[in-house]
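Enquirer: Here the protein sequences line up with chains S and D, keeping their order.
Using numbering that gives the first Met the number 0, the first residue of the first sequence is number 0, and each one after it goes up by one.
Using numbering that gives the first Met the number 0, the first residue of the second sequence is number 0, and each one after it goes up by one.
If you're looking for bench data, these hints aren't it; they were derived computationally from the structure.
Cβ coordinates follow ideal geometry from the N, Cα and C atoms, glycine included.
Watch out, some of these pointers could steer you wrong.
Stated by the list, open to error - Taking CB as the label site, the calculated pair distances span:
{"id": "1", "chain 1": "S", "residue 1": "127", "chain 2": "D", "residue 2": "11", "range": "40 to 48 Å"}
{"id": "2", "chain 1": "D", "residue 1": "222", "chain 2": "S", "residue 2": "148", "range": "41 to 49 Å"}
{"id": "3", "chain 1": "S", "residue 1": "117", "chain 2": "D", "residue 2": "168", "range": "18 to 26 Å"}
{"id": "4", "chain 1": "S", "residue 1": "145", "chain 2": "D", "residue 2": "227", "range": "30 to 38 Å"}
{"id": "5", "chain 1": "S", "residue 1": "116", "chain 2": "D", "residue 2": "222", "range": "49 to 57 Å"}
{"id": "6", "chain 1": "S", "residue 1": "316", "chain 2": "D", "residue 2": "139", "range": "44 to 52 Å"}
{"id": "7", "chain 1": "D", "residue 1": "11", "chain 2": "S", "residue 2": "1", "range": "44 to 52 Å"}
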Amino acid sequence: MWISLEYIYYVAGIFLAVVAFLTLKDKANPKRFSTALFWGLYAVTFLFGKVIPPMYMGILVILLVLIPGFKGVRGGAYDEATADQRLASSKKIRNKLFVPALMIPLITVIGAVWVKNVTIGGTPLLDPKNVTLVALGLAALLALLTAMFITKDRGIRALQESRRLVDAVSWASVLPQMLATLGAIFVASGVGKVVSDLVSSAIPVDNRFLVVAAYCIGMALFTMIMGNAFAAFPVITAGIGLPLLVHLHGGNPAILAAIGMFSGYCGTLMTPMAANFNIVPAALLDLPDKNAVIKAQVPTALLLLVVNIFLMYFMMF
Amino acid sequence: MLTLIGIAIVIIGFALRFNPLLVVTVAGLATGLAGHLSIQKILTTFGDAFVTNRYMSLFILTLPVIGLLERYGLKEQSQALIRKVKAATTGRILFLYLLIRELAAALGLTSLGGHAQMVRPLIAPMAEGAAETKFGALNDRVREKIKAHAAAVDNVGLFFGEDIFIAIGAILLMKGFFDQNGIHLEPLDMAVWGIPTAVCAFLIHGVRVILLDRKIERELAAAAQNNQQDSNIKEGV
């Protein structure tokens, strides 16, 4: 392929390296050295992720985590525009401001749907396995160029402004990756089997409704623990779904799968472990309560879980 | 049973509000040791999984654009635009975004949205702006509630839309799982049986965001009344 996902990671790495450098120069940040080290190490994982052997990368990751663990990551000063300046410039540039913002999702979609099959000299243009992510990276770059053209400002300004947002998200930006790492450790240690043994030993298997409820609630609960319905699905379906609902009670496996996964998503809405959906957005929106997004979602998730149990019970047999 | 120690550490650590990164790392180390993995194996798993999952953090690439546009008044312009639409309310904006997000995801267009790309720069400012136009100045509590709901709408729309699309990762994962267990399933079957839940998710969350307008109004009225009482007390009434 011409543009692989690794190249997009290089761009992200360079971006983080610049953030680290700007942080180092920011005398208003009380912890500028440790904060710069944090972003610098994070940049290394993007730039040299494929080069450094996994075991050394593991050590680097633990060092990376220890810095915010001991409160070493802080924000600084950003030379922000005042509210009046922003209002004045919004009146001048007006709706053209939306163009770069909307370019990001639109170009990503175009890349993922149409450019997917484009080849040059027999080689695919975009990494076929990661079309959407590569398209997102390219969309961000094109949108940045357009934004610089519309605002007539320099690229370094964009990087300085982005440091304000990066510092707002702060260490939470690493949390989704660390949770995925924890999931990998859970799998390697066989946590799933222990959980599904526990659940299947606790429910009366002859009662169809209770088994359906146990499966849906089990999917939601295990997703809350793992932070990811994809990790919960094979465990709970192999533990409860297949042996009890499909083989013993003769349920339709397609319905089991469809509603089972959605029950897992109800769990995703309720857990801080799904940090990329729940915690990072709270940080990104400057919410002081990091669980505010989860709190907004819990009523929907619980109602929908009940709906799922009944839908599965009435449709599956 | 000892391998469940990681789950206990996560629950206790989150409850006691330790830094989540530390909690997760300690839980990972403890689970690995309880599961009889060697230190080398644990470190290798840490490194491997961290590098494999770097894609989760690629949203940072959108921050330079968003940061620059915000400096030049993107939020202010979003709010000015929404002020012109007389029918716009917080609830209706979020309802419309829920509809678009879920339909687009059902067509496989899952990247048409996102917290960094759409919610922070556009949806949240518009939802806030609509409430400001209707009720005047907002207090922090209400402002934060609106932002949290803007983020929630993105999640609900994405999650319950995407599984209707047959080529999405979740459907392929389920198909792979059943193939391994000797059951052949068509992706279309699983996608179709997801539709009832997808519709219910839209109805439940749609009603909730529409009701949000009334909730905001009530909360602002209650806050105003409290202020009134406070000032009455100060004045000795």
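Enquirer: All hints are to be evaluated individually against the structure, with a verdict given for each.
Expert: Results of checking the hints against the structure:
Distance hint check: the CB atoms of residue 127(S) and residue 11(D) are about 44 Å apart, consistent with the given range 40 to 48 Å. Look at residue 222(D) against residue 148(S): about 44 Å separates their beta carbons, and that is inside 41 to 49 Å. The hinted range of 18 to 26 Å is satisfied by residue 117(S) and residue 168(D), whose Cβ atoms lie roughly 22 Å apart. As the Cβ distance of residue 145(S) to residue 227(D) is approximately 49 Å, the hint placing it in 30 to 38 Å is violated.
Separation of residue 116(S) from residue 222(D) is about 55 Å and conforms to the stated range, judged on CB atoms against 49 to 57 Å. Between residue 316(S) and residue 139(D) the beta carbons are some 51 Å apart, a value that agrees with the proposed interval 44 to 52 Å. Taking the beta carbon of each, residue 11(D) and residue 1(S) are about 49 Å apart, inside 44 to 52 Å as hinted.
Checked against the numbered hints above, the structure violates only hint 4.
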